[in-house]
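Respectively, the protein sequence lines represent chains D and X. Quick note on our numbering: the first sequence kicks off at 44 and runs consecutively. Quick note on our numbering: the second sequence kicks off at 100 and runs consecutively.
Derived by calculation from the structure, the hints in this document are not laboratory data. Wrong hints could be hidden among the right ones.
Sample of chain X residues facing chain D (criterion: CB under 10 angstroms; computed from the structure) [stated by the list, open to error]:
#: 1; residue: Y144
#: 2; residue: K146
#: 3; residue: V149
#: 4; residue: Q222
#: 5; residue: K223
#: 6; residue: L241
#: 7; residue: P294
#: 8; residue: E295
Just a sample of chain X residues kept apart from chain D, beta carbon distances all over 12 angstroms, derived [as the list claims (entries may be wrong)]:
#: 9; residue: N181
#: 10; residue: D209
#: 11; residue: E212
#: 12; residue: G218
#: 13; residue: P239
#: 14; residue: L317
#: 15; residue: V320
#: 16; residue: P362
#: 17; residue: Q373
We treat Cβ as the ideally placed atom computed from N, Cα and C, and that holds for glycine.
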Amino acid sequence: MTNPSRAALHSGETTTLNRRKVKNALFSLLALAAIFVSMVTLAGLLIDLVGRGGSSLDVQFLTSSPSRIPAKAGILPALVGTLWVTVLVALITLPIGIGAAIYLEEYAGRGRIARLLKINISNLAGVPSIVYGIFGLAIFVRGLDLGRTAFAASLTLSLLILPVVIISSAEALKAVPPSQREAAYALGATRWQVIRRALLPAAAPGILTGIVLAVARAVGETAPLILIGAVTFVTFVPTNPFEDKYTVLPIQIFNWANRPQEAFLEISAAAILVLIALMLLLNGAAIYLRARLSRGLQW
Amino acid sequence: MSMSKAKPTVRATTQEGARVTAEQVNASAARQESALRFDHVSCSYGKNLVVRDVALEVPRNQVTALIGPSGCGKSTLLRSINRMNDLVPSFRLDGSIYFDGEDISAQGADVIEIRRRVGMVFQKPNPFPKSIFENVAFGPRLLGQSTGLDDLVEESLRRAALWDEVKDKLSEPGLSLSGGQQQRLCIARAIAVRPEVILMDEPCSALDPRSTLQIEELMRVLAKDYTIVIVTHNMQQAARASDQTIFMTMGDDRAGYVVEYAPTSKVFTAPEHQLTADYVSGRFG
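Chain X with its partners taken away, still in its complex shape (with noise of 0.2 angstroms):
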C-alpha cells in the first residue's frame, strides 16, 4: 500500500484535528499522534441511518472505549473500521475513515489488507473447531505462511497471556478452553497477523468477572503496541480499562452520535453534557 499520495491529507488536516485533540488533556503529548480519523462519517443500512456525522480522532496505542445504550450505532462504527458491514449488503458508508492517513473507507481500499492490519476480537468467543495451535496459526497460513509457525504461535499466544496455560496442550481443540481462555485464544489468533489496531466488540460480555479482569489487564498490556477500540456496555470497564472514552446516544429519529470524546477520567469524573453525566452515573441506558 503505497503512503506517498496519502501523507499530504494528513498533513492538512492536523490543524482542524489539533483543535479536537487540544481539549483532551492528554498526559503524554508523544502519543498525541492519531491512528484513525473519522471524517464525518455516517452510516446507514438501506434508507435507516443508524450513525450521524462523526468527526474524531483515535490516538495510537491507547486504549479508545466507545460506551452508549443499545442501538446508539458503538458496533456499527467499530465494524466499518475493519469494513466487516461490507458483509451487510444494504450497509452504506459517508464520510472517509483514515488509517495512517489513507482512505481505508475508499471503494478501491484493498479489504482483505485492511483486515489483516486492523484485528478483530468478538462478543462471543469464537474460535474455529480446531486445535489451539491451528486457531491462532490460521491467519498466518492465510498469507501464505507455512515456516516459523511453532516461533509465532508461542509469541501470540505469549502476548495474549495464555501461554503458560495451554502450552503442553497446544493440539487439544480450541473449542475445549473455558469461555476466558477462548477469549485470550482469539486475540492471540487477532495478534498472529501482526495487526496494528485491534477492535474489541463487547469482549467481556459473555465471561465472568475474573476472565473480564484478566482481559483487560491484557489490554492495558497491549495497548503498548497496539491501537485498541473497544466497544463496551459495562461502564466500570470503560473506567478502568481505557484511556479515552467517546459517549454516543441516539437522537430523536434513532440515528447514534457522538455526544462527548474525551480523555477517560474526565468523561467519568467532570463530564461536559448532561447525557454523558447521566448515562456514566447510571441515570439512564
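Just chain D, with the same shape it has in the complex (with noise of 0.2 angstroms):
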C-alpha cells in the first residue's frame, strides 16, 4: 500500500463488510432459533402423548363406546361424530363463503359500506369461540329448536369459521391478476362469466386451501361444543346428525382428561392422538389440493 489514504479508506470499507457480515449470521441464527423452540415444543408434546396413549391405542379403541372401564373405552361415538360435523362444516361454509367472498370482492365495490363490511368480518374472526357457543345456543338448539343435535352443533362452528372462510376465499380472488379479468371482459364475458370462468378456477387452489384448514380449526374446537350441549358419554354411533344426543373427540377427550384415575388421562392421550391424526389428514388433504388446482397456474 502506497497510498496512506487509500489504505486507511480500505481498512474502513473492511470493518463496516465484517460488521454487516456478523450481523447476517446473527440473524441467521435467531431465525433458527425461532423455529427450533416451536418444533421442539410439538416434538416434546408428541413425544409425551406417544409414550402415554400409544398403548392403547389399537383397533378395539377406534371401534368401541366409551366406558366406565377405561380399558374397555373407545372413541367411536366421538369420531363418527366429529366425521358428522366435518361433512356439515364443510358443506355449509363452501357456498356461503366462497359466495360472501365474491360479494365483496367483486360487487361491493371499494366503497364506505364494503370497508366496513370488510373490517367487521375480519373482526368476527376475532371473537372468542365461546361466544359463538352463546349464540348457538340461542339461536340454534332454542330458538330453531334443533336440539342438542351435531346439526346444531355443525352451524355453530360454520359461524365460528365463517369470517376466516370469507377473507381467505376473499384474499384468494384478490391474488388473481387483474390482467385474467380484462382477457375474459375483453373477450365479451359478462361479470357472472368473468366470476365463473376466470376468477374461481384461478382463485380454486387458495379458496379449498382457506377452507380446509378452517374445517381442520372447527373439528378441533371444544368450547362452543360444551355450550351447546354435547354429551360427553354417548355410547351409540350416531347415524344421522339429527339425532338427540352426540359427541365429538374433543369432548370425549376433555371428559377423560378431567378424570382422576390415570387409565383415562392414557385413553385421553390416545384420543389426542388419533385427532392429530385426522387434523394432519385433513391438512395434507390441503396441500394435495392446492398443488393439484395450481398444476399449471403460474404467472
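With the hints in hand, could you dock these two chains into one complex?
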C-alpha cells in the first residue's frame, strides 16, 4: 500500500463489511432458534402423547364406545360425531363463504360500506369461540329448536369459521392477476362469466386450502360445543346428524382428561393422537388440493 | 343490434369526415370507408382530463397505429373503444365513438356485444391457466357454443400463425408456450369470437425482436379481414406495420390530444407538425 489514505479507506470498508457479515450470521442464527423452539415444543408434546397413549391405541379403541372401565373404553361415537360435524361444516361454509367473498370482491365495490363490511368480518374472526357457543345455544338449539344435535353443532361451528373462510377466499380472489379479469371481459364475458370461468378456477386452490384449514380448526373446537350441549358419555354411534345426543373427539378428550384415574388420562392421550392424525389428514388434503389445482397455474 | 336507426347519422357526417380523409392521400380508395369514428371524444379519470377532443376516423381493414410519449392517453383512447375503461369507476367519456355508424359509447349500448365485436390483445400476454385448446375455445364457450369447436380452434390458431407450432399439443397449458407464442395464442383467442376490430395495446413490448417481427407480419395479414388499431411505443414498429398513424402528445395540462393523423409514410417522412417531426426522429418522447 503506497497510498496511506487509500489504505485507511480500505480498512474502514473492511470493518463495515465484517460488521455486516456478523449481523447476517446473527440473524440466521436467531431465525434458526425460533424454528427450533417451536419444533422442539411440538416434538416434546408428541413424544409425551405417544408415551402415554400409544399403548392404548388399537383397533378396539377405535371401534368401541366409551365405558366406565378404561381398558374397554373406545372413541367410536366421538369419531363418527366428529366426521359428521366435519362434513356438515364443510358443506355449509363452502357455498356461503365463497358467495360472501365473491360479493365482497366483485360486487361490493370499493366504497365505505364495503370497507366497513370487510373490517367487521375481520373482527368477527377474532371473536372468542365461546361467544359463538352462546349464540348457537340461543339461536340454533333453543330458537330454531334443533336440540342438542350434531346439526346444531355444525351450524354453530360454521358460524365460527365463516369469517376466516370469507377472508381467505376474498384474498384468493384478489390474488388473481387483473390481466385475467381483463382477458375475460375483453372477449365479451358478462360479470358472472368472468367470475365463474376466469376468477374462480384461478382462485380455487387458495379458496379450498383456506376452507380445509378452517374446517380443521372447527374440528378441534371444544368450548362452544360444551355450551351447546355435546354430551360426554354417548354409547351409540350416531347414524344421522339430527339424533338427539352426540359427541365429538375434543369433548371426549376433555371428559377423560378431567378424570382422576391415570388410566383415563392414558386413553385421553390416545384420543388426542387420533384427533391429531385427523388434523394431519385434513391439512394433507389441503396441501394435495393446492398442488393438484395449481398445476399449470403460474403467472 | 339494429343499424337502421344509426345509418342516417353516418350519411350526415361523411361530408365532414371526407374533409379529413381527403388530406390523407390514401392509395386504395375502396378502403376509404371508416370503421370507427371518434366524435369529439374526451376522456377523464375523476377530475383529470387525460384525452382532449379527439375527432377522427379509423379506416376499415387497415392497421392504424397510435403513437406518442408515455402518459399521452393512447391506451385510454384505445380502451375506450371496447369499453374496458368501464371497469374503472372514476372514468368518464364525453363525445361519442361510432362503430359502423352505431354509437358504442352510449350509456345504453350493449357493452358485452361491443367487446365481442371489438377484440383486444394486451401488453403482456395473458392466456388463461388452461390448455391451448381451452384458451381459444374460451370466447366461443362464453357465447354458448359447444359444437364445432375443433374446427373453430384450428381456424383461429391458423389465422394467428400458431397452428403448426401447437397442433400436436393442444391439451398442454397455454402458459407453457414462449412469450411470442403466448401472444399469438391471445390473438387466436380474440379471433375465435369473430370480431371485426382488433385492438392491440403495445402487444410486442414484452417480446423479443424475432417474436415482435412475427406479430407484425401477422398484423399485416390480419388487416385483410380485420380493422386493427395498435398502440405502440416502438416507432419502427409503427413505421413497418401500420397504414395510418395517429400521433398524440400531451399539453401543458397533461391532457393528451391528437397532433397529427395521416398515412404512416407521410407521418414518418414529411410530418406536418414540428412536434411530430421531433418525436418520430427520436428527439423527444
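Against the structure, the hints come out as follows:
A hinted interface residue such as X/Y144 counts as satisfied when its beta carbon comes closer than 10 angstroms to some beta carbon of chain D; here the least separation is about 14 angstroms, so the hint is violated. Below 10 angstroms, beta-carbon pairs count as interface contacts, and X/K146 has none with chain D, the closest being about 18 angstroms; its hint is therefore violated. A distance limit of 10 angstroms between C-beta atoms decides the matter here; for X/V149 the minimum to chain D is near 19 angstroms, and the interface restraint is violated. Annotation: X/Q222 was flagged as interfacial toward chain D, and the flag holds, the nearest CB pair being 9 angstroms apart, inside 10 angstroms.
A distance limit of 10 angstroms between C-beta atoms decides the matter here; for X/K223 the minimum to chain D is near 6 angstroms, and the interface restraint holds. Restraint check, X/L241 versus chain D: the minimum CB separation of about 5 angstroms is within 10 angstroms; hint holds. The criterion of a C-beta within 10 angstroms of any C-beta in chain D is met by X/P294, whose closest approach is roughly 9 angstroms, and the hint holds. Proximity of X/E295 to chain D is violated relative to the hint, the smallest CB-CB distance being about 13 angstroms (cut-off 10 angstroms).
Not every CB of chain D lies more than 12 angstroms from the CB of X/N181, the least distance being 6 angstroms, so the non-interface label is violated. Its closest Cβ contact with chain D, about 10 angstroms, brings X/D209 to no more than 12 angstroms, contrary to its assignment away from the interface. Listed as a non-interface residue, X/E212 fails to keep its Cβ farther than 12 angstroms from every Cβ of chain D; the least gap is roughly 7 angstroms. Listed as a non-interface residue, X/G218 fails to keep its Cβ farther than 12 angstroms from every Cβ of chain D; the least gap is roughly 7 angstroms.
Residue-level check failed: X/P239 sits 9 angstroms from the nearest beta carbon of chain D, not beyond 12 angstroms. Chain D leaves X/L317 outside its interface by the beta-carbon criterion, the shortest separation being 18 angstroms against a cut-off of 12 angstroms. With a cut of 12 angstroms on Cβ distances, X/V320 stays outside the contact zone with chain D, its closest approach being about 21 angstroms. Non-interface call for X/P362 relative to chain D: holds, since the shortest CB-CB distance, roughly 29 angstroms, exceeds 12 angstroms.
With a least beta-carbon separation of about 37 angstroms from chain D, X/Q373 lies farther than 12 angstroms from that chain, consistent with its non-interface assignment.
This entry does not satisfy hints 1, 2, 3, 8, 9, 10, 11, 12, 13, going by the numbered hints stated previously.
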